[in-house]
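Each protein sequence line maps, in turn, to chains A and B. Using this note's numbering, the first residue of the first sequence is number 1, and each one after it goes up by one. Using this note's numbering, the first residue of the second sequence is number 1001, and each one after it goes up by one.
There could be a bad hint or two in this list.
Here are some chain B residues pointing at chain A (derived, C-beta under 8 Å) [as the list claims (entries may be wrong)]:
1) 1007
2) 1008
3) 1042
4) 1044
5) 1105
6) 1108
7) 1109
These are computed hints drawn from the structure, not numbers from a lab. Using N, Cα and C, we set each Cβ at its ideal position, and we do this for glycine too.
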Amino acid sequence: QKEVEQNSGPLSVPEGAIASLNCTYSDRGSQSFFWYRQYSGKSPELIMFIYSNGDKEDGRFTAQLNKASQYVSLLIRDSQPSDSATYLCAVKTNSGYSTLTFGKGTMLLVSP
Amino acid sequence: SQTIHQWPATLVQPVGSPLSLECTVEGTSNPNLYWYRQAAGRGLQLLFYSVGIGQISSEVPQNLSASRPQDRQFILSSKKLLLSDSGFYLCAWSPSLKGLKAGELFFGEGSRLTVL
Chain A
1 QKEVEQNSGP LSVPEGAIAS LNCTYSDRGS QSFFWYRQYS GKSPELIMFI
51 YSNGDKEDGR FTAQLNKASQ YVSLLIRDSQ PSDSATYLCA VKTNSGYSTL
101 TFGKGTMLLV SP
Chain B
1001 SQTIHQWPAT LVQPVGSPLS LECTVEGTSN PNLYWYRQAA GRGLQLLFYS
1051 VGIGQISSEV PQNLSASRPQ DRQFILSSKK LLLSDSGFYL CAWSPSLKGL
1101 KAGELFFGEG SRLTVL
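Start from the sequences and build out the full structure, keeping to the hints where you can.
Set out below in structure tokens:
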């Protein structure tokens, strides 16, 4: 059974701070990792994906991957109240077709 | 550009009634299509996925079924709803790619189902 674990939160940070969201996965065969943002009552939207060990930066977002430790994280710099949402970690195993296993998500609250 | 639509957005159904949720994708051909369910306190659960017309893979045994009558149309159905079927149903599509970068999902607006 492939599992993706996230702390449900809420993670509360003040505006302007760095938010750090973490995710661990059980399947060592996992190859691609995705972070989705989901506002309350809305559908998820992709923020970033990563498949190589190390860091990947995109604006205020940095995804970090450590395959040896089987964890992936998302850092949000200069957090804004508009970043308040649930962040879903998703993992794709090295199979031919694109099926993702999602974690339950971490709720992030950014206070002004 | 590609768009995905699903409907209805909200529905309230009695236990034992049938269900039909529909999803269509525009602006692409031969997409991979998915139905996910998000229940309260639970993560996104993959219900069905399809890589082509008439090709349906089921991930979770349940009283739901899916069909893909056309390349860009995906339908989720049930003959008799259970209380446990309540949740937020999401249709999604992805390009029909394989490999490391494959897996980017584009979600529809979602259908919120309440079974009473």
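Inset, instruction - Tell me, in ascending order, the numbers of any earlier hints that this structure violates. - result: Violated hints: 1, 2; rest satisfied.
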